[in-house]
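Participant: Between the sequences and the hints, there should be enough to build the whole structure, so can you do that?
Here the protein sequences line up with chains A and B, keeping their order. Residue 104 in numbering that gives the first Met the number 0 sits at position 105 of the first sequence; the count goes up by one each step and never skips. Residue 12 in numbering that gives the first Met the number 0 sits at position 13 of the second sequence; the count goes up by one each step and never skips.
Mixed in with the good hints there might be a few duds.
[Stated by the list, open to error] Here are the computed lysine to any residue pairs in the SDA-like style, where the Cα-Cα straight-line distance is at most 25 Å:
no., chain 1, residue 1, chain 2, residue 2
1, A, 77, A, 36
2, B, 155, A, 122
3, A, 140, B, 94
The hints are simulated quantities; they were obtained by calculation from the structure and are not laboratory data.
Each chain is listed here by its residues.
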Amino acid sequence: MPEAAALDETDRRLINALQGDFPLVAEPYREVAESLGLSEAELLRRLESLHQRRVLTRFGPMFQIERAGGAFVLAAMKVAEADFERVAAQVNAFPEVAHNYRREHALNMWFVLATATPQGIAETIAAIEAATGLPVFPFPKEREYFVEMKLHA
Amino acid sequence: MPESKPDLDATDRRLIVATQGGLPRVPRPYDAIGGELGIGGDEVIARLQRMLDSGVIRRIGAVPNHYAIGYTANGMSVWDVDDTRIDELGARVGALEFVTHCYRRPRRLPDWPYNLFAMVHSRNREEVAARVAEIAVLLGAACRAHDVLYSTAILKKTGLRIAG
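Facilitator: This is the structure we're talking about:
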């Protein structure tokens, strides 16, 4: 299990502030920095460090790709322990795999596919099955009740 | 959300491809993106605003690695909920402040009887278990079975990467 990173109070304030609405103005970092009482240079330096330490996995627009004609689908696989590393590497090599988690269950690998078109999902699933030799079980969303990817640091 | 698909032109699509990996960490990030695409920073801002308004962009901001900020327990709780009540109950589960994602998904019988997925992030498994118990109370007799799949490793987390 990975461990929590060492974050100071300013890092935490910054992470919390940046999960909100990043300003659409010419100098957005300056605006956020001012609201936190930091210089723009300090904010950019900390942002860089948080990325390098992988505290932030990305920073930018979160696209709801279905609204742009694409598709997101959650899928799972049942992978034998001895094959786990090989299969994880094969699955992760697909750019369509947006994220992938190991979970404690017979279905122990859960990943999200993101493709530019709905047909891309079936094609990617077929390609993953061919590459790994294992079946992929898709769990497309039928209805979304809530999504809020903000977490208080 | 039943809405018509927003119209995206070729420049919007290039803007999606240029920003899906993240915004540049420079003082004038929208000018920098505009420079790559051959449009002005003002136009980048206007197009991003339009995509935010139409829901193509959910929000602009940071995605923390939840382990790194202390949410070391991540449980995907899954529930077998009566089909006649799932939409009403799913909305209520989604409204719980500790649920970060909540969806209805198809069952895969006989192995997978669950049709409601609710993600719970907490600082430890005891806290996740307590929150899952709250969901169980809310669902009551409409729920026939449930399970919690704890994550033990992030194998990949890059986000969307569609091809230009």
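Participant: Against this structure, judge whether each hint is valid.
Facilitator: Hints, verified against the model:
Restraint check for residue 77 of chain A and residue 36 of chain A: the C-alpha separation of about 49 Å exceeds 25 Å, so the hint is violated. Distance check on the hinted pair: residue 155 of chain B and residue 122 of chain A sit about 20 Å apart at the alpha-carbon level, within 25 Å; holds. For the hint linking residue 140 of chain A to residue 94 of chain B, the alpha-carbon distance of about 18 Å falls within 25 Å, and the restraint holds.
Checked against the numbered hints above, the structure breaks only hint 1 and satisfies the rest.
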